[in-house]
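A.B. asks: Now for the letters of each chain:
There are 4 protein chains.
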Amino acid sequence: MSLTVEKTPTGREYKVKDISQADFGRLEIELGEVEMPGLMACRAEFGPSQPFNGTKITGSLHMTVQTAVLIETLTALGAEVRWCSCNIFSTQDHAAAAIARDSASVFAWKGESLQEYWWCTQRALDWGVDGGPDLIVDDGGDTTMLIHEGVKAEEEFEKTGKLPDPNSTDNAEFQILLGLIRDGLMSDPKKYHKIKERLVGVSEQTTTGVKRLYQMQANGTLLFPAININDSVTKSKFDNLYGCRHSLPDGLMRATDVMIAGKVGVVCGYGDVGKGCAAALKRAGARVIVTEIDPICALQALMEGFQVQTLEDVVAEADIFVTTTGNKNIIMVSHMKQMKNNAIVCNIGHFDNEIDMLGLQTYPGIRRITIKPQTDRWIFPETKRGIIVLAEGRLINLGCATGHPCFVMSCSFTNQVMAQLELWKEKDTGKYETKVYVLPKHLDEKVAALHLGKLGAKLTKLTPEQAAYISVPVEGPFKPPHYRY
Amino acid sequence: MSLTVEKTPTGREYKVKDISQADFGRLEIELGEVEMPGLMACRAEFGPSQPFNGTKITGSLHMTVQTAVLIETLTALGAEVRWCSCNIFSTQDHAAAAIARDSASVFAWKGESLQEYWWCTQRALDWGVDGGPDLIVDDGGDTTMLIHEGVKAEEEFEKTGKLPDPNSTDNAEFQILLGLIRDGLMSDPKKYHKIKERLVGVSEQTTTGVKRLYQMQANGTLLFPAININDSVTKSKFDNLYGCRHSLPDGLMRATDVMIAGKVGVVCGYGDVGKGCAAALKRAGARVIVTEIDPICALQALMEGFQVQTLEDVVAEADIFVTTTGNKNIIMVSHMKQMKNNAIVCNIGHFDNEIDMLGLQTYPGIRRITIKPQTDRWIFPETKRGIIVLAEGRLINLGCATGHPCFVMSCSFTNQVMAQLELWKEKDTGKYETKVYVLPKHLDEKVAALHLGKLGAKLTKLTPEQAAYISVPVEGPFKPPHYRY
Amino acid sequence: MSLTVEKTPTGREYKVKDISQADFGRLEIELGEVEMPGLMACRAEFGPSQPFNGTKITGSLHMTVQTAVLIETLTALGAEVRWCSCNIFSTQDHAAAAIARDSASVFAWKGESLQEYWWCTQRALDWGVDGGPDLIVDDGGDTTMLIHEGVKAEEEFEKTGKLPDPNSTDNAEFQILLGLIRDGLMSDPKKYHKIKERLVGVSEQTTTGVKRLYQMQANGTLLFPAININDSVTKSKFDNLYGCRHSLPDGLMRATDVMIAGKVGVVCGYGDVGKGCAAALKRAGARVIVTEIDPICALQALMEGFQVQTLEDVVAEADIFVTTTGNKNIIMVSHMKQMKNNAIVCNIGHFDNEIDMLGLQTYPGIRRITIKPQTDRWIFPETKRGIIVLAEGRLINLGCATGHPCFVMSCSFTNQVMAQLELWKEKDTGKYETKVYVLPKHLDEKVAALHLGKLGAKLTKLTPEQAAYISVPVEGPFKPPHYRY
Amino acid sequence: MSLTVEKTPTGREYKVKDISQADFGRLEIELGEVEMPGLMACRAEFGPSQPFNGTKITGSLHMTVQTAVLIETLTALGAEVRWCSCNIFSTQDHAAAAIARDSASVFAWKGESLQEYWWCTQRALDWGVDGGPDLIVDDGGDTTMLIHEGVKAEEEFEKTGKLPDPNSTDNAEFQILLGLIRDGLMSDPKKYHKIKERLVGVSEQTTTGVKRLYQMQANGTLLFPAININDSVTKSKFDNLYGCRHSLPDGLMRATDVMIAGKVGVVCGYGDVGKGCAAALKRAGARVIVTEIDPICALQALMEGFQVQTLEDVVAEADIFVTTTGNKNIIMVSHMKQMKNNAIVCNIGHFDNEIDMLGLQTYPGIRRITIKPQTDRWIFPETKRGIIVLAEGRLINLGCATGHPCFVMSCSFTNQVMAQLELWKEKDTGKYETKVYVLPKHLDEKVAALHLGKLGAKLTKLTPEQAAYISVPVEGPFKPPHYRY
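Residue numbers (the numbering used here), protein chains in the order written: chain S, 1 to 485; chain R, 1 to 485; chain P, 1 to 485; chain L, 1 to 485.
Chain S extracted, bound-state conformation:
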């Protein structure tokens, strides 16, 4: 691998697939702006005061059209931005090109190798001699993890002189990560410490990343304040649910053109993502079976008319399998062997270990036929039956389609902007300790409110008498913190 950073005429660093797609990217970004009223409202409200004047923000989040509108909202508020994607298949190259040309340093392209992925992540963190970043926008927590692992390795090295050993793990990706940290250590043994010192905080987008943060908080290893975006209502109950309801069938159709009506779909997991996926398949005319470990979610699935079974019971009769669990080892190669010919297998959870890709790749005698990028048919030697695996087991909606649509991402990303503003505003007040926080409910409600006008909605106003009767302020927040929506 030999990757070189390129530069725009104005000297901005980047590495994208094809900078000439910038015009096309710009057109789609302009369309996106119309569909992202929350972000545009942030530009209108906060742009004039330039709260991020001189602030350096590193982002690691799918480099799509939607993210482009987020990035340009951050720059419109004064920030300098460096960006990478958090998934090897999720970049939209035209969006990356437009941002690289016009607004921020981007290191991302569709179809990175793992090696390239981590190179990009490092570039996004590399603010040069002046140091940085001040803030991080993270999705899945890889950038946060890199800093934590870096700091840990530097401490170990300082104490013991020991370098991280990639051979200490058999996780291929973690090997790469350790190699990178080792190489970094040799050139600058305080690199990650410096980053950590300066860093004000991170805002994290996903269930998966948030789980990592809470684990570090619990373990006492967390290094800087974090805001949990995922558990804003306007994120978890919107992007996870309505976003997946939109983008799962979109990905399935673009990848396979399969008629969903009449088919049997299995959705593994019935959390917010699973709820969106199951609803989407049902509405498209499929019969849907849900697998669940949690009896409450299972009972919810039943109340919507879904059958709840174990994967083993239904693996041989279903046509479409979707994992949404955020857990690992959900669909194993032993399951895949039993499936019908041309059964479709995909994952919409964050990581690619929900489906046993390793088991599949190493199955003796298996044959892989790539129909088109991200659509592979794997044929078992014994049965000659093939299964269709999408996006190599990674996020189908970003690998096979364009991810969640602008409108719902505007909700999520407006939360990101609120969180970044909050962290920055309070950077010297001590309000945020080295802990994980959620945004206060009035900001959550504000995010929603910014999205109503676009859809022609009109809110009812409480009278002071009514507000008193239910003990809330006239202007909200309207619900107690534990309210579930």
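Keep in mind that the hints were calculated from the coordinates and are not lab data. A couple of the hints might just be wrong.
In this list, chains with the same sequence are indistinguishable; a pair is considered to hold if it fits within one copy or across any two.
With a cut-off of at most 25 Å between alpha-carbon atoms, the simulated DMTMM-like pairs for lysine to aspartate or glutamate come out as follows [to be verified]:
1) Lys282 <-> Glu304
2) Lys461 <-> Glu312
3) Lys194 <-> Glu116
4) Lys110 <-> Asp23
5) Lys384 <-> Glu45
6) Lys211 <-> Glu475
7) Lys340 <-> Glu30
8) Lys196 <-> Asp126
9) Lys152 <-> Asp188
10) Lys461 <-> Glu304
11) Lys372 <-> Asp18
12) Lys340 <-> Asp313
13) Lys190 <-> Glu155
Keeping the supplied structure of chain S fixed, place chains R, P and L upon it in accordance with the hints.
C.D. replies: Using the frame of chain S, we list chains R, P and L on its own:
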């Protein structure tokens, strides 16, 4: 009003509409048992050890078939029970008769006057010379409020000799309440203090009752420990949502036989109850418009394809109006005047002040035609247009139909049994202070688990490796407390 | 059986359950009028010219509130009317009372015996010495069959002197019918011939009745012109589909209060009625399995996400069974034995032979417990498991609820009025031969058009240029006869 | 325009975009075969007897993967095939390449000019010196029209020596057609007569093409027998309904990535196609408004909860507009001017005159920005608002996505195979006169039956007794011809 307590041959006190309906009630209770697996599982698990041996439980909760199965679960665990309904129209007289004859003291009938309602409530609290109750099951909080108001009046009386003055309020129902307390004070000035002293705690069923409890906790006026059943996931996300989705159309159809398909429905409020109601009307073929104060709930409504408008904007074009807010003054007489001829107006929230019944009753020249009990046509003199008001503005599903069905009430009531068991078990340990608690998540999950088998569902089991990966115990609880489902 | 005809003060004959319910019936009829815009438009358009002046119409059609509005539309157009119900459980007694008191001779009550049923049918046909009827409104074809069987028996008697022999059949109902004809023959051997001579025609409401008519047309035994109402689009695709979608869950809930969500429902047959039933159960949250003989309908079911299986395959796992086939022997006692405890079994097809009621009643050792009228639990001696059979196997929506709602019946019944008007107008022109006809498409479209305003709809108008482009008149009809909607 | 026919090494003529895509096309065709059980069953049943041995078939039907499986079914039955697409944007170039390389002469590519389109059509009809075709598969009727116009011009020329004059029309496409015929006339004045003489018949796929055929039949100008595929139940109620339900959102998402949930959609026309489109948008979470001219279809829309309004009433508030009418002048430039910024306008009807593309193109000062092929933003000079027009007003699902999915097209195309077989088998028997026919119901049912196994369905079998009871054969057909499904 001259009401007399009756007695069964065995000496059990009761007052019901018609004790001869007991056989019919028994048959429906037996059907109900098959549909209430959670309660039956409690009988099987806890019956042998008789944890409530000698415990005196007062309940104030719609005296329906479902509640009958709850009552007989409590008695099967050893309790002595006295019961009243928490709504003047919600009693199913055959269920009341069966319980009165066979199991517990019941004071309830369909169509009580307010005076009768509070008489019944007092009877349910009246354990005679030995005192009691030990525990309360409450719904809406009227019994809890009676004790709190009683104690307050007794304290005032002790301090100042002043008796409560019914004329101090113009709320007709509160006048009755104060009158009762005043009369009680004269015969026993420590009546409510004695109740309070003995009482171990209350478990409260509804949003409305819970809100009152939290207010009292905040004000420092709460007198005994309370468990908030409403915010168990297996209550608020089940009974409120799926229960109303079932029972709103049931009530509409029994009361009016109206074709819902093709009509325009307005649902005021899009909380759990409103979500169930809006879904029910949509599924029945109506076009549904939602009114909301909370931008998050409003955005949820939009994502499901509902129009969000203010009541004023749509009052003249809709056919069916449902209030679900738990607030007051939602549909005023000024709205009702503008409605189409024979527009249907009903409330599924707890109290009858969501619809301006007083405004309607006192509207000059208005004419009321009772089609059948709980179905009234009110004709405005100027327009000659009538509107159909159901259940006199009280809970339509209990006034015009039979309330929520057994299965979903089994979830709610299994929470009640868990809560009563918990309060009783810990009565001497100090675990529960004078505060409001929710049930721990593992009990919530247990309630759900007890209901899966009946629906033929099969849960997936985590492997220890998977459990470790997502940092939960193999047996659960599976979600953090803030998880929204 | 000793039944006597009663008379109103004005001398109108009737036999109903309780004439004192007339006021209640009148109130519901008035509500119904607001929901039946098609019928009210007929009154407005045709009332002034009194086209039925002196016309004698016999109707045999469920004596409900909706039918009351139909009857009073016929009388508003000048007709004299005699009416009976076409199902022993379908009469709404208050509607019958109001009509008997105010408008027409009614012979009908809820819960007739079969003997009583046929007595009522005969009364509705008995116009006394002046003879009649001129026209028949039929539902299921029993009145039409009575006349055909009567004429056949009279011919046989005239030729051979042989009387019909009830013992020649083992169908209990047909025995009664033959007995009646035999008795009639002895008092007037030309009774049915006289009816036939005068009769201008019949308009038939249902699939079942229409099938009989086409069979008679094919056999050459049809005796008078018939208009097939069932196959008007505004009947079969409305009443059958949307009516059942409304009234199946209504009947289930009134009879059993069962929670439909989470249950497994089996719908036998996926014609228009089955489509409505399957949709209703699905929307209520059930998982639905369809049984079908017709591959096209089966494929339609699959496209909506329903599983298609045979009854045998699923009989032991389902909770609710509904027959909609119009065929016989669909659910046999051998099936019922295998069902889960308290499985619910009902029929929404026209006749009660879809469910093997005879097999059930004669099953050795079976025990029947009547929970309430039309809701019976049958307990098998071997398993002690019970099943719940609704409406004794007859139409659940009319036996356990109030049938289809007004609005959709207004569509069906406006077709009836159109057909009766058409038959009467053309009685002397020879336009209608002794055949079965459907209404012309422009009348079908007119029926629909009369129902749009009530729902606030606004039609688009073709320009002459557009009309020419698609080769239809500007005012319609808009579709070719074979169009399927 | 200078187009040259190319040849494969084996001498087969073709003209496609890129023959090197044949391998990719082949892979997708192989996937398609698994999803097209009806066509594969035809190969199994009829392949061995080679009924089309030596038969020359010309097809004009969207050259997609699905069509490729149809073509190779025809060749598997012995036919020689020449093919073109019936829409300038609908070809999938990889499918065209695979067929051209492996199976049949193809003249089609995505993005033809109109000139190129008719050149391709002529090539598909050009069987060289030996003459042909024997049969035609047509979609929309352009090939059939070309022959009819050709014959008409030849007759005129023979009679009067007059050549067709392209300037006699201002329809740009018809000018091209007349020019082609004129040029042909000069080289061979009997070209179309020879085609007509040999031609056994045509099977026509669409509503639009069928309408043209019935007009010609009515006018007496039809030249050869035609089978109306469109009105097979397994076509019009499947492909039109379920196909569009799938492919409309697919096209919208691929073209615009727009979030459909929360938006207001307007569907012009509520026939089978409109029903599919309205259902798709509703299920995706949009609020849908329907426009209709036919009161019956309008009432159906209302029963499903759709608002029915005129376009004028809602043009300014909607976000997505879809025309499905098969009529012309539905959305005019005057409407488009009033739309919201970035409103999406598309057509799923057969021809591009539903949307006033000419009015748009010639609007003074309008600016067109092509976001990507088939996705254009048109900006009005006065308002600066843009609208997004998809597929240049042509079929969105074929222009912006890949058309209907394989499974539903297998139903349609199995009808095509049945029709072609039937025409060929009866070519000498006189069974088919110069008229328009539909396939008999038993073949329609057979098509459905061939698709059940793939979806795991199991049909119920009638007993002879049941069959007799409802007067149908045990093996079907099960429904009368007028049955609507």
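A.B. asks: All hints are to be evaluated individually against the structure, with a verdict given for each.
C.D. replies: Consistency of the hints with the structure:
no. : hint              : in the structure
1   : Lys282 <-> Glu304 : both (10 Å within a copy, 9 Å between copies)
2   : Lys461 <-> Glu312 : between (52 Å within a copy, 12 Å between copies)
3   : Lys194 <-> Glu116 : within (24 Å within a copy, 65 Å between copies)
4   : Lys110 <-> Asp23  : both (18 Å within a copy, 23 Å between copies)
5   : Lys384 <-> Glu45  : between (60 Å within a copy, 24 Å between copies)
6   : Lys211 <-> Glu475 : between (32 Å within a copy, 19 Å between copies)
7   : Lys340 <-> Glu30  : between (44 Å within a copy, 15 Å between copies)
8   : Lys196 <-> Asp126 : within (13 Å within a copy, 67 Å between copies)
9   : Lys152 <-> Asp188 : within (14 Å within a copy, 72 Å between copies)
10  : Lys461 <-> Glu304 : between (33 Å within a copy, 22 Å between copies)
11  : Lys372 <-> Asp18  : both (20 Å within a copy, 16 Å between copies)
12  : Lys340 <-> Asp313 : both (14 Å within a copy, 21 Å between copies)
13  : Lys190 <-> Glu155 : within (9 Å within a copy, 69 Å between copies)
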